[in-house]
Amino acid sequence: MSGSRVYKHMIPLDQQAPERLERRSKLISLDEAGKIIASKTTVSLAGSHSADAAMALLRAAIRAGAKNMTMIPPVTASIAADLPIAAGMLKKLYLSYVGFEYLGLAPAFRKAAADGTLDIVEADEPFIILGTQAAAGGRPFAPVQHLYEALSLKDLNPELKKVTDPFTGREVFAIPPLKSDVFIMHAQVADEYGNAQCWGGTGQEKDKAKAADLVIVQADEIVGSEVVTKDPAKTTIPGLWVDHVVHAPYGAHPTFSSANYAVDEDHLKLYLQMMRDGAGDEYIKTYVTEPEDQMDYLERVGGLRRMTKLRRMLTNA
Amino acid sequence: MAEIATPGTDRYAMAEFLAILIARYCAGDRELLGSGGANQLVSLAASRLAQLTVAPNLWLFSGGAGVYNSKFDTLPISTWDPRASYGAECKILLADVVDNGTKGRYEGDRIARGGSGYGGLQVDKYGNINMIGIGGSYPKLKVRGPGTVGVLWLGSGPNNIYVEHHNKRLFVDKVDYRSAAGWMDGGNSRAETLDGRDGPQLVWTPICVCDFTEDEHRMRLVSVHPGYTVEDVVANTGFELMIPENVPTTTPPTDYELAVLRTHVDRGGLLKKRRMTVG
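In the order they appear, the protein sequences are chains A and B.
Residue numbering for the first sequence follows my numbering, beginning at 10 and increasing consecutively.
Residue numbering for the second sequence follows my numbering, beginning at -13 and increasing consecutively.
Possibly wrong hints are sitting among the right ones.
Each pair of labels, with its calculated beta carbon distance range [claimed, not checked]:
no. : chain 1 : residue 1 : chain 2 : residue 2 : range
1   : B       : G182      : A       : E158      : 36 to 42 angstroms
2   : A       : K243      : B       : G265      : 45 to 51 angstroms
3   : B       : E217      : A       : I37       : 51 to 57 angstroms
Lysine-lysine pairs mimicking DSS-like chemistry, simulated, CA-CA at most 25 angstroms apart [stated by the list, open to error]:
no. : chain 1 : residue 1 : chain 2 : residue 2
4   : B       : K77       : A       : K243
5   : A       : K243      : B       : K57
6   : A       : K76       : A       : K120
7   : A       : K239      : A       : K278
8   : B       : K57       : B       : K259
9   : A       : K100      : A       : K120
10  : A       : K170      : A       : K120
11  : B       : K128      : B       : K154
12  : A       : K101      : A       : K120
13  : A       : K239      : B       : K57
14  : B       : K77       : A       : K239
15  : A       : K170      : A       : K239
In case anyone wonders, no lab produced these hints; they're calculated from the structure.
From a predicted model like this one, the values you see are computed outputs, not experimental measurements.
Heads up, the beta-carbon is just placed ideally off N, CA and C, and yes, glycines get one too.
Put together the whole structure using the sequences plus the hints.
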């Protein structure tokens, strides 16, 4: 509530001209971003399955010592949820689907569930999407029809409440607003003012951004304003909503970066193998905590040769 | 009959002056949201001018087109005019506008509204706005207003008021209907109803600038534009305005401000044709 007083009184006219009339860049380093994420409690993500996950930011957060966090994941997630669980970053997870589809179940998630080290909220797609929408608009809750009456979720998920529909008098369900402290998003390109283009995406990006107190975007490429202004409709998140931008080339690796490079299935298999063989700590050491920066990480997963191959796999060339 | 509002000299039009004045209030390097609804030509010009002169981090939102940071140099006739999208950086959905408006900056308090201003058929001493109608008994109003539009969210955070006419029919003691919340009934009434969220901050009119007192939140005169006096303001305001001991004259436009406005914002000279009245 202090914001208003900032502009109630005018800066004296003779002091108004800025030294340099320059827009402030929102670029920060991956390490800085990691520390910011690690200082928060609730983190939300976009992407889906093994696509467009903000992996560089997640690894940076783990490196920065992120612990005991709550994750509002995309409605389907593989390594973007499993790796943070393996690294002890999460205390609580809103669950819709965590798994590797045809590659198998998520090992760290299963283990944490079995050990009781993770507080799992038995949610689903509507819970996450509608709850996010409610938070995005500052709405008190999101109403859903009585459909949950037919499911176990009503007994297993204490955050799902019943409420009377004021129009029909019928009992319906209320999903709480799922607000986050920080939303981290992978974009294919962004400018340094935060305007970010997602070339794929699932439409949840805008809502997750609106529902967050802080938004950090990682982009495969940082582009000039001329790219963004060419077609403003392609900008997924306006820079106004974004607090920080991080340049993370191949930052979605090992997940798919829409219309940019393919999923590194070999690496996902390596991850699954190491987790199942009890070599999870070694994986985290080699690919998360030891790499000095994103370039070092990329060297460890196959370097330019591998990245170029993943790029070409999109065109079957 | 109302007089056309004229500044003290014939060097500039009143609408040009108001755009320049509003731009000055945006000065600084912080991030600000400057927005214009349908026909808010002056706020639109003010925000663009501010970006080009004193507020590089202001985000200009053209409401009718749904775009941020258009780079027009000829003022569009309204924000839905396709020219209001020229050089824009992002297009958002109306649902986003509603979400941002209703959520407000209450939590986080990240972005302050800068060059945008809201007006209405009536504005009262606490900055409440009426777009519903005047007189008669609802729904048989003497003057049926155009509707409340998207002003629910003036309850979600601070804003400014901007009007193109200054007379006793517009500035009334109490609005007949409240379509946008100002400081409500003054004192703590707004804070109690809206969880402490701040209300309107500044009022820009063709003859003066006002703000609101700190405790009672009554409208208070800040400065009077060249060519007008405190008495002119009092005579054309339908409630008792708080008048401080010293009321300066608003600084007229500088040559620099006018030059940038006319060559980089309003090359078509639309502001010169804008009719503003007093009385």
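inquiry  = Flag every earlier hint the structure violates by its number, smallest first.
reply    = 7, 10, 15
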